[in-house]
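All chains should be modelled from the sequences, with the hints used to inform the complete structure.
Each chain, written out:
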Amino acid sequence: MNWLPLWLVCGLITFAIRYSFIALEGYYRPPGWFVRWLPFVPIAALTALTVPDLLLVAGKLSVGGDNPRWWAGLIAIAIAARWKNTLLTIAGGFAALGLLNFLR
Amino acid sequence: MTPRSAFLLGMRALLPMLLGVAPFGVIYGVVALQSGIPPLAAFLMSSLVFAGSAQFLLAQLVGAGAPALLSIGAVGLINLRHALYSASVAPMLHALPRRWKLLLAYLLTDEAYAAAIPHLLADPKSPTAHWLLFGAGFALWAGWQLSTLVGVLLGAQLPADLGLDFALPLTFIAIVVPLIDSRAKFVAALAAGAAAVLLASLPYKTGLFAAALAGLAAGAFLQRVEKR
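Going down the list, the sequences are from chains A and B. Following numbering that gives the first Met the number 0, the numbering of the first sequence begins with 0 at its first residue and continues without gaps. Following numbering that gives the first Met the number 0, the numbering of the second sequence begins with 0 at its first residue and continues without gaps.
All the pointers check out, no bait thrown in.
Pairwise CB distance ranges, derived in the manner of DEER restraints:
#1 A:Val56 to B:Asp122: 35 to 45 Å
#2 B:Leu189 to A:Ser61: 15 to 25 Å
#3 A:Asp65 to B:Ser52: 24 to 34 Å
#4 B:Lys124 to A:Ala22: 15 to 25 Å
#5 A:Leu98 to B:Gly62: 34 to 44 Å
The set of hints was computed from the structure by calculation and includes no laboratory data. By construction, the Cβ of each residue, glycine as well, lies at the ideal position given by its N, Cα and C atoms.
This is the structure in structure tokens:
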């Protein structure tokens with residue numbers, strides 16, 4: 000199999016997506032709705048990335064006792080909201096997960 | 000902030016994520032070999048494509064003998080969400096020389112963006128913002144290269160599942176929650192999270208992209224309503 004050209008094309012496409020708006024900046028006038036949507040990108044994109052990790056077990060929605068990651072995640076969210084500290088949130092989340100797994 | 004301290008701050012912000020990324024990289028290396036990809040090719044994909052979930056998919060598609068065009072389309076779809084990060088950081092990188100823009104675009108992953116964005120938002124006019132993003136991007140890049148190399152060298156042996164991958168959602172939580180400082184942003188998070196779960200079964204992670212758009216629309220809509 001000739002993998003090098005395939006890797007290169009896939010890499011170029013990935014790069015083009017990441018470069019797209021960085022390259023265009025200054026060369027176009029973004030429409031108003033686009034400018035209003037932009038401040039929500041960090042929250043919307045990163046939340047969309049994270050929530051399925053917490054709520055889905057093997058592709059199925061699970062909020063019961065068989066999904067300790069969801070409960071540990073909720074505890075981490077509470078810690079993050081209260082103390083706004085990255086390491087504390089990670090440590091608290093892992094501690095909660097360990098405890099829940101131990102109690103199970 | 001000096002370039003050096005900005006670079007180190009970016010690296011430090013990314014560091015906890017490596018806890019989750021490293022096992023993921025090792026598993027990628029093993030899966031790629033099991034798909035029949037030669038070790039050198041498996042390792043080089045990590046620098047040529049440099050996109051975690053897309054690399055998993057590409058390795059599996061190649062292993063299954065999928066046509067090249069399908070693989071290329073799938074990689075494009077899975078990485079579509081990075082266009083949102085590109086749009087988000089573009090205004091902050093506007094004045095940089097092109098070589099910097101090319102470098103930072105190459106390094107613009109979920110993790111690097113997440114690690115850097117709270118700092119970039121806190122000081123969008125910082126003259127060393129690009130060094131911060133570079134520090135975060137480089138830390139992830141180096142960790143990814145190293146962990147995939149370990150996976151390729153380990154070969155058939157999958158690492159024990161220690162649950163370390165949980166470090167990734169936890170770090171994202173630590174980043175996102177403090178950014179929610181208004182009702183509109185809270186609604187954006189709720190809408191994006193709910194949509195991501197509902198659309199999780201869509202192929203090639205297109206549900207992620209659609210869910211992010213739903214969050215953007217919901218947040219912007221509420222903000223407009225509140226302003227009236």
